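S.K.: Sequence:
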Amino acid sequence: MEQNPSSSKADRKTIERDRRNRMKTLYSKLTSLIPPQSREASSLPDQLEEATNYIKKMQIKLEKLKERRDFTNGTRLSSDTDTASAGLRLPHIDIQERGSALEVVLITKSDCQFMFTETIRLLHEEGAEVVNASFSVLGETIFHTVHCKIGESAPCSAAARISEKLKKFVYGDN
Numbered sequence: 001m002e003q004n005p006s007s008s009k010a011d012r013k014t015i016e017r018d019r020r021n022r023m024k025t026l027y028s029k030l031t032s033l034i035p036p037q038s039r040e041a042s043s044l045p046d047q048l049e050e051a052t053n054y055i056k057k058m059q060i061k062l063e064k065l066k067e068r069r070d071f072t073n074g075t076r077l078s079s080d081t082d083t084a085s086a087g088l089r090l091p092h093i094d095i096q097e098r099g100s101a102l103e104v105v106l107i108t109k110s111d112c113q114f115m116f117t118e119t120i121r122l123l124h125e126e127g128a129e130v131v132n133a134s135f136s137v138l139g140e141t142i143f144h145t146v147h148c149k150i151g152e153s154a155p156c157s158a159a160a161r162i163s164e165k166l167k168k169f170v171y172g173d174n
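Everything in the sequence shown is counted per full-length UniProt numbering, starting at 1 for the first residue and increasing by one.
Everything hinted at is true.
Listed below are the simulated EDC-like cross-link pairs for lysine to aspartate or glutamate, each with C-alpha atoms no more than 16 Å apart in a straight line:
id	residue 1	residue 2
1	Lys167	Glu97
2	Lys165	Asp94
3	Lys168	Glu118
4	Lys168	Asp94
5	Lys168	Glu125
6	Lys165	Glu126
7	Lys149	Glu97
8	Lys168	Glu126
Computed Cβ-Cβ distance ranges for the label pairs, DEER-style:
id	residue 1	residue 2	range
9	Ser134	Asp111	17 to 23 Å
10	Ser134	Lys168	22 to 28 Å
11	Lys29	Glu63	22 to 28 Å
12	Asp70	Glu118	36 to 42 Å
13	Ser8	Ile55	35 to 41 Å
Derived by calculation from the structure, the hints in this document are not laboratory data.
Bear in mind that the values here come from a model prediction, so they are computed numbers and not experimental data.
The C-beta atom is built at its ideal place from N, Cα and C for all residues, glycine as well.
Put together the whole structure using the sequences plus the hints.
M.R.: Here it is in structure tokens:
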């Protein structure tokens with residue numbers, strides 16, 4: 001099999017023309033992705049340099065945004081953990097009266113364990129019978145839940161008195 005030298009030359013020309021067309025298409029795609037002010041460079045090498053610089057700037061910007069997002073998410077997570085839920089200042093106490101039963105939810109930081117024992121002491125001092133006490137830990141925040149029974153005689157006034165004393169203890173004399 002003999003190859004015709006002119007056919008080989010035509011094949012090379014076709015291959016080169018196709019390569020140039022592919023490069024032209026890729027170049028147009030690249031220039032369409034960069035901002036218009038970056039396209040003002042006059043020569044092809046200048047425009048490629050602009051595109052390279054633009055891509056590097058975008059990568060740096062993306063990294064900074066990722067760091068900011070991670071920092072913001074970390075801050076939000078730690079502030080949610082510190083405050084237990086949106087807007088609560090620690091320590092926080094919530095007292096619910098249900099007939100002769102009382103539910104006390106105390107939310108503190110982990111370094112305020114004494115508040116739980118003092119809450120139990122105040123409940124006993126006021127004549128409440130602790131039926132159940134439990135806690136959950138979320139990061140540096142501890143959620144204490146105490147279920148108690150109040151004496152049958154005048155449970156409303158006892159609940160109000162207990163509630164007032166617990167709030168004074170947790171929030172101070174405000």
